[in-house]
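Residue numbers (the working numbering), protein chains in the order written: chain A, 1 to 158; chain B, 1001 to 1263.
No wet-lab data here; the hints were simulated from the structure.
Quantities reported herein were computed from a predicted structural model and do not represent experimental measurements.
Among the clues, some could well be false.
[Claimed, not checked] With a straight-line Cα cutoff of 25 angstroms, these simulated BS3-like cross-link-like pairs (lysine-lysine) come out:
#1 A:Lys32 with B:Lys1004
#2 B:Lys1181 with A:Lys37
#3 A:Lys137 with A:Lys32
#4 A:Lys137 with A:Lys37
#5 A:Lys150 with A:Lys37
#6 A:Lys150 with A:Lys38
#7 B:Lys1004 with A:Lys38
#8 A:Lys152 with A:Lys32
#9 A:Lys152 with A:Lys38
#10 A:Lys137 with A:Lys152
#11 A:Lys37 with A:Lys152
#12 A:Lys32 with A:Lys150
#13 B:Lys1004 with A:Lys150
#14 B:Lys1260 with B:Lys1181
#15 A:Lys152 with B:Lys1004
#16 A:Lys137 with A:Lys150
#17 A:Lys137 with A:Lys10
#18 B:Lys1216 with A:Lys137
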Amino acid sequence: MVDFLLNTVKPHFNFWVYVILMMIGLWSLIAKNNLIKKMMGLAIFQTAIILFYVSLGVKDGATIPVLESYGDYAEKAEKAEPAGPEVAPPDATPAPVVVNPADTYANPVPHVLMLTAIVVGVATLGVALALCEMIYKEFDTLEEDELLRKIKALHDDA
Amino acid sequence: MSPKIFASIAVVITGIVLLYGISDFPTFGDPRSPANSGVEGGAPSTSLYYINESYGVTKVPNLVTSVLADYRGYDTMFETVVVLAAGMAIFAILRSTTKDDETVAGPARKSSIDGDHNRIIVGMTCRLAVPVVQIFALYVVAHGHYSPGGGFQGGVMLGASFILIALAGNLDDALGRFSEKSYMALASLGIIIYAGFGVVPQVLGKNFLDFGVLQKILLTDGPEMARSHSMLGVEIGVALTVMSIMFAIFANLSSRGTLKGGL
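With these hints in hand, go ahead and build the complete structure from the sequences.
Given below as structure tokens:
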């Protein structure tokens, strides 16, 4: 059990969380009878997708994708830097590992995609709520089986 | 078969398939994963280009802003249009101006921030909080180039400040400050600002949303600063639309389209 957790779950725990959230969302979308609960399931499902994307862009030891040194400041830092490491003491540890500057910032692309997805998700959730409100106004219920029964009764009358 | 059993079977099968696929994914936080640095032996990931080169081209340190508002300008513009369309859809579904709806929404409450003594603490706190929220929202919009933030986030915060007024007092208070006419006009104005930043380069003989050519109009040092300033303009347009539509959604949903009384 511990081996399974350490070797299988831990390196991919973000994906495990996303799959579990997605299963919760999918289950409530299919099994729940109430339209509001279905929409909650849809929102949980969407959260799972957002988590999946954002966690793909994570890099160990990286910071947010906002440059820390840029413009004049960066030029000054570059000029000042060579003075330091060149006069290393003789008993110095091996040369520091060269860090690719791209590895110090998280991947910005998933952030961009999810930023717009979140706002559009809120807007479409608003439309869904408006539809639910109209359904409730018309039929006095948001339970799916009752709705189907009432709609069927309407058709039988006509 | 009852729907719950069917749902459980479908969900468990989906979950098992997805979990089976997980073993092929890169480990969490791996900087060498295909998404972060490209496929081995293939082309490097686009994100490396954004991290290494985008500051030189756009002069915007926040990579998310530069990718969002410049490289993916079309995407962002039509996301904003989707937000406007959602506001229009809610208007079309819910908004009713007939008189007999008063029975559905209940009688309009007579409470306000000033009048109702049961709400004096909530009302006063809200009155103190709203300017702070709005100034911080403006900071988030204007400082989106240099720190996390931008039009969407600042717009949502501005919309939330009006929703706070509506929650603490009543909807009429909030609508008195931000009427239906003005939020619909501002929502459209935001799209017009965004599309305007796209059309002007076309008039100047370049592609839609090609901000670099705007240096002739914005009188900047070079195309890089023109892109930076255009992004700020675009973000302001996004913020206007998002603010208006967030408040429109709340106002219509909380009053069932009558825009009276509210919660």
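Hints, one by one, checked against the model:
1. A:Lys32 with B:Lys1004: holds (8 angstroms)
2. B:Lys1181 with A:Lys37: Roughly 33 angstroms separates the two Cα atoms, so the pair is violated.
3. A:Lys137 with A:Lys32: holds (21 angstroms)
4. A:Lys137 with A:Lys37: Satisfied, since the Cα-Cα distance of roughly 18 angstroms is no more than 25 angstroms.
5. A:Lys150 with A:Lys37: holds (20 angstroms)
6. A:Lys150 with A:Lys38: Given pair A:Lys150, A:Lys38 holds - Cα atoms ~20 angstroms apart, limit 25 angstroms.
7. B:Lys1004 with A:Lys38: Holds, at roughly 13 angstroms.
8. A:Lys152 with A:Lys32: holds (20 angstroms)
9. A:Lys152 with A:Lys38: holds (22 angstroms)
10. A:Lys137 with A:Lys152: Within the cut-off at roughly 17 angstroms; holds.
11. A:Lys37 with A:Lys152: holds (23 angstroms)
12. A:Lys32 with A:Lys150: holds (19 angstroms)
13. B:Lys1004 with A:Lys150: Cα-Cα ~22 angstroms, so holds.
14. B:Lys1260 with B:Lys1181: holds (15 angstroms)
15. A:Lys152 with B:Lys1004: holds (23 angstroms)
16. A:Lys137 with A:Lys150: OK: A:Lys137 and A:Lys150 at ~13 angstroms, within 25 angstroms.
17. A:Lys137 with A:Lys10: Since the Cα atoms of A:Lys137 and A:Lys10 sit roughly 49 angstroms apart, the hinted pair is violated (cutoff 25 angstroms).
18. B:Lys1216 with A:Lys137: The hint is violated at about 56 angstroms.
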